[in-house]
Amino acid sequence: MSYRLGVDVGGTFTDLLLFDEQSGAFWRHKTPSTPHDSSEGILTGVQAICANAGITPADVEIFLHGTTVATNAVLEGKGARVGLIVTEGYRQVMQIARSFVPGGLAGWIVWPKPTPLAALEDTVEIRGRMSAQGEVIRPIDDDDIRAALLKLKAQGVEALTVSLMNAYLNGAHEKRVADLAAEILPDVPISLSHIVLPEMQEYERTLTTVANAAVRPVVGRYVRNLRSRLRDAGMAGKLALLRSDGGLMSSEKSEEHPVSLLMSGPAGGVTGAIWVGKNAGIRNILTLDVGGTSTDVALIENLEARRVRTTEVGHLSVRASALDVKTVGAGGGSIAYVPELTGALRVGPQSAGAVPGPVAYGKGGELPTVTDANVVLGYLPEALLGGTFKLDREGAKKAVQTIADALGIDLYAAARGIIDIVNENMFGALRMISVQQGYDPRDFALMGFGGAGPLHVNAVARLMGSWPAISPVSPGVLCALGDATTRMRTETARSFSRLASQTTLDELGGILDEMAAQIGDELVAEGVARQDVDITFEVDVRYAGQAFEVPMSVTRDDLHTHGIEWLTGRFDEEHHRLFTFNMDSEHEIVNLRAVAMGKALDLPAAQLPQGNGDPSAAKLRDHELWMDGRMVPAIIYDRSKLLAGDVIPGPAIVIEMDSTTLIEADCTGTVDSVGNILITLQ
Amino acid sequence: MPATIIQTNTAPFEKKAIDPVTLDIIENALRNARIEMDATLVRTAMSPGIREQGDAFPLIADHEGRMIVGQFGSFIGGFLEGYDGTLEDGDMIFLSDPYSVGGAISHCNDWLVLLPVFKDGRLLAYTAMFGHQSDIGGKVPGSMPIDATNIFQEGVRIPPVKIWKKGVYNEDLVKLVLHQSRTPAWCAADLNALIASCRVAARRVIEMSERFGVDTYVSATQELLARNHRAMKTLLAQAISEEPVSFEDYICDDGMGYGPYKLKCTMWRKGDTVILDFDGTDPQSQASINFLLNENMFKMFFGIYMIMVFDPQILFNDRFYDLIEVRIPDGSLLKPRYPAALSGRTHALGRIFDILGGLLGQKTPEFLNAAGFSSSPHLFYAGTDRKGEWFQLFQIGFGGIPGRPMGDGPDGHSLWPGFTNVPNEFLERYFPLVIERYETVADSGGAGLHRGGNGIVMTYRFLEPGVIAIHDDRWFVPPWGVNGGKPGARARKILEKPDGTQTIVGNKVEDVAIEAGDVLHFITWGGGGWGDPLERDPELVGKEIRQGLVTPTGAKAYGVVADSEGVVDPAATEALRSEMRAGRGELALFDYGPGIETLRAHCEAETGLPAPIQPRWANYAIAAE
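Residue numbers (full-length UniProt numbering), protein chains in the order written: chain A, 1 to 682; chain B, 1 to 625.
Hints are not guaranteed to be accurate.
[As the list claims (entries may be wrong)] Derived pair list, reagent style DSBU-like, types lysine-lysine, alpha-carbon separation capped at 30 Å:
1) A:LYS113 - B:LYS119
2) A:LYS599 - A:LYS641
3) B:LYS543 - A:LYS78
4) B:LYS270 - B:LYS139
5) B:LYS139 - A:LYS153
6) B:LYS119 - B:LYS233
7) A:LYS78 - A:LYS278
8) A:LYS397 - A:LYS113
9) A:LYS113 - B:LYS139
10) A:LYS175 - A:LYS153
11) B:LYS166 - B:LYS119
12) B:LYS119 - B:LYS165
13) A:LYS253 - A:LYS238
14) B:LYS270 - B:LYS119
15) A:LYS397 - A:LYS363
16) A:LYS151 - B:LYS262
17) A:LYS151 - B:LYS556
18) B:LYS543 - A:LYS113
Hints were generated in silico from the structure; no laboratory data involved.
Work out the full structure: start from the sequences and follow the hints.
Shown next, in the form of structure tokens:
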């Protein structure tokens with residue numbers, strides 16, 4: 001018997017998913033989160049789900065965890081006090097940042113002045129300088145470095161960061177600072193920019209290194225606490241955390257490199273969607289993860305999620321690989337309003353959040369939200385969470401009526417308007433990751449999950465032309481499912497910045513081999529068997545002079561056989577696909593990346609018993625909902641009673657413990673062999 | 001003669017009733033299309049000016065050429081009136097001559113691409129984008145000779161021509177134009193990028209018209225315009241008084257030794273119409289600091305400043321134009337006569353925003369911001385390196401954001417929308433230079449309850465001989481403070497030889513020869529302060545001393561006595577503040593510094609440069625409006 005346990009801690013609920021690797025059977029559980037100490041909620045959940053499955057925590061072989069602890073530390077400014085050592089003349093690198101002020105013309109009038117992640121008073125300069133060729137222009141001076149370190153020591157910094165100009169080409173000076181720091185500040189963790197991010201661009205490299213240093217103590221405390229509580233509960237298995245890029249790393253590694261965890265939360269949903277897609281036989285998927293205050297979207301092509309080189313957290317853009325997840329301020333709690341001046345209907349980004357929440361939750365919310373509109377229209381018919389509390393439909397109606405009055409339209413039209421606008425905002429985000437990247441959304445299915453995803457997935461799929469619309473099995477805990485079903489991963493990157501015409505295959509291959517050896521060893525150290533390590537490469541190419549590069553996946557064999565011209569030729573094709581033109585300019589090879597992954601898991605989903613296509617047995621009751629401008633009859637089904645092959649004609653609603661699926665009037669939902677509902681146009 | 005628009009289908013669009021939801025959906029979709037234009041441009045452009053710094057501006061207009069989304073307003077109406085040719089499906093217009101579009105682009109470096117979007121034989125929309133080219137030929141690298149005396153010295157000048165004609169690309173035209181540039185590869189890539197952006201937006205407009213129906217789409221754009229008209233009408237009636245208010249500010253000099261040049265604007269409302277009158281603005285310059293200000297563009301600037309405060313989610317568009325009347329005297333610095341040189345217009349363009357701020361906040365000091373638009377400081381560095389290769393750098397600098405009602409101005413940031421700095425590691429890798437210092441200048445932000453942002457000092461060590469040019473302003477007339485706040489520090493440029501000897505160089509200079517090893521300290525302006533500096537928390541001043549943003553000497557402007565470690569002496573501070581309070585009169589709404597004559601008298605001592613000479617315009621008569 002071997003069990004994997006995925007745990008995702010959200011703002012309101014902690015979701016757990018226990019997976020039996022042999023049978024594919026799984027158990028799910030939801031328990032309130034405990035923000036003062038997340039491990040409490042986790043422990044409660046672990047006990048409960050193990051009891052449900054009839055096992056003990058000792059039977060759990062690996063505990064997999066997506067967490068927002070690093071994200072929150074950055075967003076809430078609760079990171080460690082970071083001392084920063086920079087090159088003479090660059091003390092204000094974090095203060096000046098990229099000089100960018102958002103908000104368009106006159107945006108500066110209302111933009112708050114940001115506070116750097118490493119305080120300016122804790123930033124000190126040292127002498128010495130590297131050139132842009134990695135050669136020493138001026139030497140460093142040990143006494144000068146010692147003075148800088150002593151100053152930071154006196155100020156009581158809790159973490160140390162060194163980021164020197166051009167260190168991405170030569171880290172010798174940074175290393176020397178680290179040596180001296182080990183003497184002077186022996187108990188303070190140190191992050192060096194040429195190790196955390198050996199890439200050009202001093203601000204981004206410094207920010208990333210500082211972000212890493214700032215969240216290290218917080219993440220370290222969190223992980224150690226969680227580990228010891230799980231051990232106390234008898235869980236002897238491994239503890240791994242989900243990285244922003246959708247891979248796993250050991251909890252020990254995450255303590256050193258927590259900057260890779262900043263998008264750990266949303267990455268869980270995307271990896272879950274990949275697992276669902278694999279089992280449903282659908283390889284191209286757009287994901288729609290609708291939460292209370294925001295919606296995350298991502299693109300999966302051929303069962304691989306698109307990755308980006310930057311992680312956006314608040315106003316910071318950190319250089320760490322992440323799944324390309326875009327977030328819009330549109331969720332169940334988004335508030336609808338009509339500004340007096342324009343008389344336009346706006347939805348979000350303000351949100352009622354968990355408290356006071358939508359009016360329908362009866363927790364004191366008074367402003368109309370998306371959830372309230374869903375309730376008014378009859379799309380959310382029952383109590384959430386399996387009937388433990390009732391939704392206040394009359395309250396929701398009263399709130400939405402204020403919008404109807406302001407617009408001079410009737411209640412249902414106003415409610416549908418709120419839904420249409422929020423769907424449109426989700427559509428806008430989906431466009432950014434699909435059409436804008438050169439993908440045709442009609443080649444993709446759309447998968448809706450999170451609490452409210454399956455309510456909106458049908459309508460948004462219609463806007464996108466992305467069919468089928470998928471309500472995956474257990475959409476409410478898909479993040480936990482993703483945590484449980486992904487694999488170990490690590491990567492490294494280097495700046496290369498050379499013209500393709502001046503690069504030899506030997507030289508390029510040599511560096512790639514070196515990188516492969518480094519990350520292969522890392523994974524082995526993480527407990528992956530050497531023969532299971534799978535290494536892939538990416539080479540960023542651009543026309544010399546462009547600012548943005550296009551990442552190209554390559555294998556050592558392809559490169560060896562076809563040469564560098566093959567690489568640049570493929571780049572030309574990709575550039576044409578993205579931007580509709582090619583150029584005569586030389587190609588520049590900008591960055592190299594190597595990715596090592598642990599064994600790909602083959603975790604089957606449990607098969608649903610085959611039905612005869614008729615879902616009547618799952619019918620709960622008749623219902624009425626607003627569709628196409630009028631109230632129409634509909635049927636409510638119990639998801640747990642549906643069988644494989646059942647065909648549900650719209651309009652219909654399918655309810656389960658933690659989520660509700662809406663099938664629109666001219667659509668049909670078909671239950672596949674593992675329980676996903678695939679919605680298509682009739 | 002106006003342009004002839006050829007449509008194979010001349011059926012008028014049918015007016016459809018638009019429900020508010022569809023309207024908002026189309027509004028959002030248009031907003032997304034505009035974002036997509038920007039994204040396409042920066043990803044494919046090559047010149048650092050566009051790809052790193054974002055010096056480019058998109059536009060989507062309705063079938064009558066009125067801007068639905070964009071930033072700088074539409075010039076299309078004016079263009080159509082002046083364009084003596086046809087416009088039909090498959091055409092794309094290319095231009096750069098400001099005089100041929102009434103100043104909608106304001107110097108020849110901005111290349112503009114305009115794409116009329118046809119669907120089923122009918123003109124449905126326009127998409128357009130312009131971007132700053134690194135070099136378009138002319139007498140100096142960068143093509144912005146501050147000392148140009150006419151537009152012919154400023155490089156290639158493109159009247160509106162068809163780069164695509166009925167679907168056929170005019171390769172020879174592009175070849176001819178690129179041949180005039182010192183950086184043809186950058187220009188070629190940037191032009192491609194502009195075209196690709198317009199095409200992307202056109203595709204989106206077509207998709208929208210297919211999704212909603214052409215008539216619904218067009219009706220929606222008309223309703224968006226009308227909505228904006230209604231909102232602005234209400235706003236103007238609330239916010240703009242019928243009683244005139246005036247504001248004036250200066251361009252420090254013209255790079256030829258003359259200055260300052262006065263810009264003056266008076267604003268009042270008459271019924272529904274707001275009048276903005278530049279009467280009192282100085283005549284045009286014989287150098288290139290002239291700014292051919294397009295009336296509609298100014299209306300857009302004005303509208304954006306107004307809307308920012310009330311419903312920032314309103315999509316700015318053109319429709320409120322008839323509520324505003326802009327009067328600019330012919331022959332003035334803001335409406336120079338052909339063929340006056342225009343390339344150095346950035347200083348007056350920047351100053352326009354300070355004037356707008358000064359005008360709009362005068363009656364409501366709680367909304368007033370201090371001054372901070374120096375212009376857009378430029379550095380040019382060009383030459384041939386030891387490998388025999390031509391290099392050419394054009395870089396835009398930044399400075400202090402003014403003190404604002406909401407708080408301190410950020411240090412060393414951009415007042416221009418979307419602009420970013422170029423990473424110094426990038427500069428060092430691709431140009432023969434080392435950036436020895438890149439930090440903000442302590443005490444350069446004007447003192448105030450809310451401090452003005454500090455300016456930047458950027459120290460370049462040049463590794464190859466070549467020439468440099470500098471364009472900056474606010475070196476003579478300081479950025480003013482408001483509500484008791486002090487003016488920010490002025491800009492300054494220092495050239496240092498390897499032996500350590502220093503020379504002050506002017507802020508508008510061309511063709512300064514440099515040798516390998518020379519060092520340039522490029523120092524920009526600080527933002528003006530906001531509110532009484534004696535009210536600022538002394539501990540905050542102490543903290544900023546520790547941060548290196550303020551010095552103990554600078555702290556005196558706040559009445560704060562502190563040591564070099566930022567430790568505040570409370571008793572001494574209180575005593576100093578009492579003394580300062582007693583010794584000053586009532587706080588002025590605006591603090592312009594000591595006044596032009598005093599500035600002139602102290603110029604050499606304070607700035608290291610001779611005072612500019614008052615310009616005289618015996619031969620120019622400004623037409624009375």
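Worksheet item: Which earlier hints turn out false for this structure, listed by number in ascending order?
Response: Result: hints 1, 2, 4, 5, 6, 7, 8, 9, 14 and 16 break, sorted rising.
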